[in-house]
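K.L.:
Using the hints, position chain B against chain A.
Number of protein chains: 2
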Amino acid sequence: MNEVIKLLKSHRSIRKFGDQPIAPEILDELLTAGQAAATSSFIEASTVIRVCNPETRQKLVEYSGGQHYVASAAEFLVFCADLSRAGMCCDMQNVEQEKGFTEHFIIATVDVALMAQNVTIAAESLGLGICYIGGLRNNPQGVSELLDLPDQVYPVFGYCLGYPDQDVDLRPRLPLAVVLKQERYNTKGDQDAITGYDKIVEQYYEKRLGGGKSMTWSKQVAGLAGKEARPHMLPYLQSKGFLKR
Amino acid sequence: MNEVIKLLKSHRSIRKFGDQPIAPEILDELLTAGQAAATSSFIEASTVIRVCNPETRQKLVEYSGGQHYVASAAEFLVFCADLSRAGMCCDMQNVEQEKGFTEHFIIATVDVALMAQNVTIAAESLGLGICYIGGLRNNPQGVSELLDLPDQVYPVFGYCLGYPDQDVDLRPRLPLAVVLKQERYNTKGDQDAITGYDKIVEQYYEKRLGGGKSMTWSKQVAGLAGKEARPHMLPYLQSKGFLKR
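Just so you know, the sequences run in chain order A and B. Quick note, the first sequence lines up with residues 485 to 729 if you use our numbering. Quick note, the second sequence lines up with residues 485 to 729 if you use our numbering.
One thing to keep in mind: the hints can contain errors.
Note that the list lumps identical chains together, so a pair holds whenever it fits in one copy or between two copies.
[Unchecked claim] Simulated pairs of lysine-lysine, DSS-like, Cα-Cα distance not exceeding 25 Å:
| # | residue 1 | residue 2 |
| --- | --- | --- |
| 1 | LYS583 | LYS672 |
| 2 | LYS728 | LYS583 |
| 3 | LYS711 | LYS583 |
| 4 | LYS703 | LYS583 |
| 5 | LYS711 | LYS691 |
| 6 | LYS543 | LYS500 |
| 7 | LYS493 | LYS683 |
| 8 | LYS683 | LYS697 |
| 9 | LYS500 | LYS490 |
| 10 | LYS543 | LYS728 |
| 11 | LYS697 | LYS500 |
| 12 | LYS683 | LYS672 |
| 13 | LYS683 | LYS711 |
| 14 | LYS697 | LYS711 |
| 15 | LYS672 | LYS728 |
Quick caveat, the hints were computed from the structure, so don't treat them as lab data.
Isolated chain A, as found in the complex (with noise of 0.2 Å):
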């Protein structure tokens, strides 16, 4: 195992940060290695949105639920998928930009995440912690008015960055074996190794919690997708001209 792959194993999520501030310098060279992750079609669909302003981080806390790290983090950056970018270069060649496929929708997510998770590992192999706040999709519309986010673009997540002031135990993760299918997709073994999983999972939360409460990832995830989630999603994307067809 090299640096490298060492370094990625060893990610957890940051919620205490030091008051150290970030150098321009080290925010600039974070999100230029972020650029470097590959973009679908060359369209480069990610826009990043620095929040320094105190008023909006805390406006930004409130729409995330609570999540006080949203404002304390030295940095507070929201990704955002932007197809508006790709509608100037429409613009500029006089031709018609056709909106509101889903498959565009699908490319200009997937490029904010992999230029996010490049951010991550830049910032990590520089002794810095982050924390994706997907917490910011509670009020995706609240958040477009207050970042003046035009047509064709949205939050995809917030993002935490600063120094670590703390020490988070590593998460366990599902056995390869369940994620990793051979030639086909099935389901043989799953329901057993995710029993074992449950066991380690009730452990983790155990120490991490001290007792008391138990949880398993069965159960977790069952918690999350046996409910409705987020329901706003769909109406405020066709809203900004996502989804539509």
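P.N.:
Just chain B, lined up with the frame of chain A:
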């Protein structure tokens, strides 16, 4: 710039691979490094299908629009967004799965992209090369049948992996100022910056393709955004239980 950031910035897609196979323990290592990426709400919604069978590979070449490296790469992986496993968790917990939420689709798609990008960095740190194959979405129904993908699973992209047998120039990227906005979304200066970038991209293509064909970035992006894009994706995804609400 440290070695990790140097590695990130040296990414290029590889489409010509040597014959050298990848040792199974290395492949496992790459995928385990992939699993270490962040996962939304701990859902672990990625499934990777490793395709070795030459006939299956050949079909996938066809489905992805004739990209021959899908057959010739040492390894070909299909990265799937998988909410079917969450359904198994619901069954194990006697909970009814709530299907079709756009939010769950985003969570699973982002999960896959974060994992894949980790695999990419791990692979490149070992001198391997990769290429994302969005072209699998040309025929997602064919891919689904070929690989027995059940409801609640879709192929986000394919993935070629192997030892590079070509030297590829770095592709340019947009000036950071276009991609990184301060405090709020705005497009001030973007069109001028894109006009400048167009010249850089034009030179890149001239060098790569040896004159004759003149292609700028805005022209290429307008070509993509100005025409319909895989209009089958929405009905296909809905047929798999995604994006219904």
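K.L.:
Does each hint hold? Answer for all of them.
P.N.:
We went through each hint and held it up to the structure:
1. Taking identical chains as interchangeable, the C-alpha atoms of LYS583 and LYS672 lie at most 25 Å apart only when they sit on different chains, with a minimum of 23 Å there against 41 Å within one chain.
2. Both within a single protomer and between protomers do LYS728 and LYS583 lie at most 25 Å apart by alpha-carbon distance, with minima of 8 Å and 19 Å respectively.
3. Proximity of LYS711 and LYS583 under a CA criterion of 25 Å is satisfied inter-copy only: 9 Å between copies versus 31 Å inside one chain copy.
4. For a Cα distance limit of 25 Å, the shortest separation of LYS703 from LYS583 across copies, 17 Å, qualifies, whereas the shortest one inside one copy, 39 Å, does not.
5. When the C-alpha separation of LYS711 and LYS691 is checked against a cutoff of 25 Å, the pair qualifies neither within a copy, at 28 Å, nor between copies, at 54 Å.
6. With identical chains, the CA atoms of LYS543 and LYS500 are at most 25 Å apart within one copy only, with a shortest distance of 19 Å there and 49 Å across copies.
7. Taking the shortest Cα distances, LYS493 and LYS683 sit within 25 Å of each other inside one copy (21 Å), while across copies they are farther apart (40 Å).
8. With identical chains, the CA atoms of LYS683 and LYS697 are at most 25 Å apart within one copy only, with a shortest distance of 13 Å there and 60 Å across copies.
9. For the identical chains of this complex, LYS500 and LYS490 are intra-copy neighbours only, at 23 Å inside a copy versus 28 Å across copies, given an alpha-carbon limit of 25 Å.
10. Taking CA atoms no more than 25 Å apart as the test, LYS543 paired with LYS728 passes in neither setting, with 29 Å inside one copy and 30 Å between copies.
11. For the homomeric pair LYS697 and LYS500, the shortest alpha-carbon distance inside one copy (23 Å) is at most 25 Å, but the shortest distance between copies (52 Å) is not.
12. For the homomeric pair LYS683 and LYS672, the shortest alpha-carbon distance inside one copy (19 Å) is at most 25 Å, but the shortest distance between copies (54 Å) is not.
13. Taking CA atoms no more than 25 Å apart as the test, LYS683 paired with LYS711 passes inside one copy only; the shortest distance there is 24 Å, against 51 Å between copies.
14. Taking the shortest alpha-carbon separations for LYS697 and LYS711, only the intra-copy value of 21 Å comes in at or below 25 Å, while the best inter-copy value is 53 Å.
15. In this assembly of identical chains, the alpha carbons of LYS672 and LYS728 never lie at most 25 Å apart, being 37 Å within a copy and 29 Å across copies at closest.
Checked against the numbered hints listed earlier, the structure breaks hints 5, 10, 15; every other hint is satisfied.
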